[in-house]
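Put together the whole structure using the sequences plus the hints.
Listed here are the chains, written in short residue letters.
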Amino acid sequence: MKPARGRGDLPDGAVPLAACCLPADLPGPEEDAEALAAAAAEAVESLPGGRRRLVLVIENLECAGCVPKIERTLERLTGLVEGRVNLTTRRLRLVWHDEAIALTQLLTPVLALGYRLAPFQVGRLEARDAEERRFLMRCLAVAGFAAGNVMLLSVSVWSGLWGDMGAATRDLLHWVSALIAMPAVAYAGRPFFRSAMAAVTAGRLNMDVPISLAVVLAAAMSLFETMRSGPETYFDASVTLLFFLLIGRLLDRMLRGRARSAAENLLALKVDSAMVVLPDGSRERRAASNLIAGDLVLVAAGERLPADGRVVSGRSSLDVSAITGESLPQSVGRDCKVHAGTVNLDGSLTIEVTAAGEQTLLAEVLRLVETAEQGRARYVRLADRAARIYAPAVHLLALATFILGLAMGLAWQGALLNAIAVLIVTCPCALGLAVPAVQVAAVSRLLRGGVLVKSGDALERLAEVDHVVLDKTGTLTLGRPVLLNAGEVMAGDLQLAAGLAATSRHPLAEALVRAAGPVPLLKAEVREVPGAGLVAEHPDGELRLGSAAHVGATDPGDGSESLLWLRRPEGRLVCFRFQDELRPDAVEAIAALKAQGLSLELLSGDRPAVAAEVAGTLGIERWRGNVNPAEKTRRLQELAGAGRRVAMVGDGLNDAPALAAAHASLSPAAASEASQVAADFLFQGERLTPVPDAIALARRSRRLVLQNFTIAISYNLVAVPLGMAGEITPLLAAVFMSCSSLVVTANAMRAAAGKRDEPVKEPAAREAVAA
Amino acid sequence: MNALLYLIPAALILGGLGLAGFLWALRSGQFDDLEGAKHRILQDDDEAGRRR
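Sequence order for the protein chains is A and B. Going by this note's numbering, the letters in the first sequence line up with residues 318 to 1088, in that order. Going by this note's numbering, the letters in the second sequence line up with residues 115 to 166, in that order.
Hints are computed from structural coordinates only; laboratory data are not their basis. Every residue gets a Cβ at the ideal spot worked out from N, C-alpha and C, and that includes glycine. Fair warning: there could be bad hints in the mix.
Computed footprint of chain B on chain A; a stretch qualifies when at least three of its residues, placed anywhere within it, have a C-beta under 8 Å from a C-beta of chain B [unchecked claim]:
{"hint": "1", "segment": "381-393"}
{"hint": "2", "segment": "447-460"}
The calculated lysine to any residue pairs, modelled on SDA-like cross-linking and capped at a C-alpha distance of 25 Å, are [said to hold, decoys possible]:
{"hint": "3", "chain 1": "B", "residue 1": "K152", "chain 2": "A", "residue 2": "E388"}
{"hint": "4", "chain 1": "B", "residue 1": "K152", "chain 2": "A", "residue 2": "G664"}
{"hint": "5", "chain 1": "A", "residue 1": "K840", "chain 2": "A", "residue 2": "E887"}
{"hint": "6", "chain 1": "A", "residue 1": "K386", "chain 2": "B", "residue 2": "P123"}
{"hint": "7", "chain 1": "B", "residue 1": "K152", "chain 2": "A", "residue 2": "L568"}
{"hint": "8", "chain 1": "A", "residue 1": "K386", "chain 2": "B", "residue 2": "A117"}
{"hint": "9", "chain 1": "A", "residue 1": "K911", "chain 2": "A", "residue 2": "R939"}
{"hint": "10", "chain 1": "A", "residue 1": "K911", "chain 2": "A", "residue 2": "E887"}
{"hint": "11", "chain 1": "A", "residue 1": "K386", "chain 2": "B", "residue 2": "A151"}
{"hint": "12", "chain 1": "B", "residue 1": "K152", "chain 2": "A", "residue 2": "R410"}
{"hint": "13", "chain 1": "B", "residue 1": "K152", "chain 2": "A", "residue 2": "C1056"}
{"hint": "14", "chain 1": "B", "residue 1": "K152", "chain 2": "A", "residue 2": "M1066"}
{"hint": "15", "chain 1": "A", "residue 1": "K840", "chain 2": "A", "residue 2": "C1056"}
{"hint": "16", "chain 1": "B", "residue 1": "K152", "chain 2": "A", "residue 2": "K911"}
{"hint": "17", "chain 1": "A", "residue 1": "K386", "chain 2": "B", "residue 2": "L148"}
Put into structure tokens, the structure is as follows:
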């Protein structure tokens, strides 16, 4: 469905204002609620007892203050069983009695508060993610419980070593430890056992194979030792190992889950609804996916086009930036071809659908994104690359220890015990914990800076980048025009034009109003001529503002600037010139990227003249204009073929396939949905410096991960010989393990600490990305 | 050493209660929204009809 209030409300495509700040009396929530309810019909689930459940994405849920606002409003309604907002996923869950209250009655008050809602169907992948996370949490809880209690008993045994503990007491403590540890290992070890089994049956080795072996062998051997009242058991080591590793596994999974839910929210928002004019002249709201070629669709000003088509009647201008990256609106009239995803700015249009759903240009681009993304799936994460070397090495060492033990004349139990000790001390605790810990620390640091990271390996990929390709409109620029010649025109003319322009939502008119500052609204009736301009009846005569043709002027422009003309009542013409505005810190950000040793390139869908000028201002040597989406992707593949690791920064729908094809990609948060889905990083706000910041942080976390590997290896250089010599007692193993885990975790935390002078984004933006 | 006979069970039962409590909280969805929970504690909720 269409978010009840379209993008047209956000003139500059900026981050939506917190809903709390929106006026509460926006018109027409009932109508929107009906449309929304119709679009949501498929997502409503039936529960026993005549109850219905619906999950909605709240597009502009920005701060924690919104939560009680929505929930209190809903609480007053009878017939509602549950209305709860989830701030993490930014979703609203409604459960209600079908016969007591209609869905529209539930939605109207929420829409009236100014929130934009979209129905959400929980994807199968996401449901599985949530189930897996809960499973890991249960395992973690069990492992934690067991680790705590077994450690308590083990400490008693160890202190007894120097004291007067009798063999019977020690055996009793061992037996209790066994009773706790055995079921705990069987329960909490399952995530590792499963993954190890899967790897072994597929003929591969992963990190979980030595982990599983160490845990199982340690527990089994300890049980055997307990039965023959031996002095040393490793119950504590096996459960603490599980505990530490489960923490790492859970951190990793939560990171991935957060990324996935953000992506699925965006997909839910993508769906639009359409007002269809039926052959008998009546109108009907329908989901955009149910449109077929030949349908007549009415698109009001401010709405997004639901399908590709041909204009049948009406004149208007369209914001096509999502498709082409072109910042200036395009005038359309009868028989013009229009595309889904563009936004209708002023007049209303009737469109005959030529392609809907999967056949639209928008869907075509999304398919390109999917194809391009498959290349990226081949990326092997650092931890996995380390495991490929580490796991066989550990197995060989343990085997060598066992054989060495036998050769030295030990009994098989003794030799096996030594081998197990080696498995335990070399266990990739440090590795399993260190990589996710670094990534979580880095990701939360980026979140504070207003950057949403969609996956952990995106950080690793971004750290390897050596070339950056930038898009122009909406990426280097804000994608909104500013008045260039404010100093040349007379103040009175500007005031007059701005008073007239205040009634329009056209980007140029809005730029005029911004430039003029507060001006009194024109006290005359203003008429909008769609696709042309504005006309007002002034006491002294007719006042016109708009295109050259609208005021009867000849357009002298070379196409690098956009013009707006004012014709005063006495017939004098005034010309206003506009240009897209660079992001305030673009120069600084580009300089920072260069300082990081990256080569830069500008690829723009805009006219070459404009691209050249922006490249010149920012000092980017390589640039190309008039580049279409396929060419952008081809250029990226060409670079990748030449061995370059390319980061793509872009926002338009035209950039989406290129974003997916790049080694790593970044998008502003105001980007088109397709780009947001395709990009690895989304940065909030008007600044561009998050891009060099993210690259710097990615490189730092890569350094920290490698440091942690070094720490783990040097620790093994000490521990392994000791273990092979049979000098590792359970006490030493526990001390070694905890120390190495603490050291790598503490080292990982350095990714979160950062330059103190770095400005932290305002809270609203932070909440938005945290979701 | 007789103290062990009730201290060990006591430790296990207390730990077990904690574990059971956590599993219950997990099952009842209290870990589904970690972001919202930290803000909810600051909200005035003296109005009746607060839902789990």
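Going through the hints against the structure:
1. Proximity of the segment 381-393 of chain A to chain B, defined as three or more residues with a beta carbon under 8 Å from a beta carbon of that chain, is established by the 5 residues found.
2. As drawn, the segment 447-460 of chain A meets chain B at 6 residues by the rule of a beta-carbon pair under 8 Å; at three or more, the given contact holds.
3. With a CA separation close to 16 Å, the supplied pair K152(B) and E388(A) stays within the 25 Å bound.
4. At most 25 Å may separate the alpha-carbon atoms for a hinted pair to count; K152(B) and G664(A) exceed this at roughly 46 Å.
5. With a CA separation close to 18 Å, the supplied pair K840(A) and E887(A) stays within the 25 Å bound.
6. For the hint linking K386(A) to P123(B), the alpha-carbon distance of about 48 Å lies beyond 25 Å, and the restraint is violated.
7. A C-alpha spacing of about 19 Å is found between K152(B) and L568(A), which places the hinted pair at or below 25 Å, so the restraint holds.
8. Taking the CA atoms of K386(A) and A117(B), the gap is about 55 Å. The hint is violated against a cut of 25 Å.
9. Under the criterion of a C-alpha separation no larger than 25 Å, the hint pairing K911(A) with R939(A) is consistent with the structure, at around 13 Å.
10. Straight-line distance between C-alpha atoms of K911(A) and E887(A) comes to about 54 Å, which puts the hinted pair past the 25 Å bound.
11. At roughly 15 Å between alpha-carbon atoms, K386(A) and A151(B) fall within 25 Å of each other, so this suggested pair holds.
12. Restraint check for K152(B) and R410(A): satisfied, since their Cα atoms lie roughly 19 Å apart, inside the 25 Å limit.
13. A distance of roughly 32 Å separates the Cα atoms of K152(B) and C1056(A); the hinted pair therefore is violated under the 25 Å criterion.
14. Taken as a hint, the K152(B) and M1066(A) pair is honoured in the structure, with Cα atoms around 22 Å apart against an allowance of 25 Å.
15. Taking the CA atoms of K840(A) and C1056(A), the gap is about 76 Å. The hint is violated against a cut of 25 Å.
16. Between K152(B) and K911(A) the alpha-carbon distance is near 41 Å, which puts this suggested pair outside the 25 Å criterion.
17. Proposed proximity of K386(A) and L148(B) is supported: the alpha carbons are some 19 Å apart, at most 25 Å.
Consistency with the previously given hints fails for numbers 4, 6, 8, 10, 13, 15, 16, ordered from lowest to highest.
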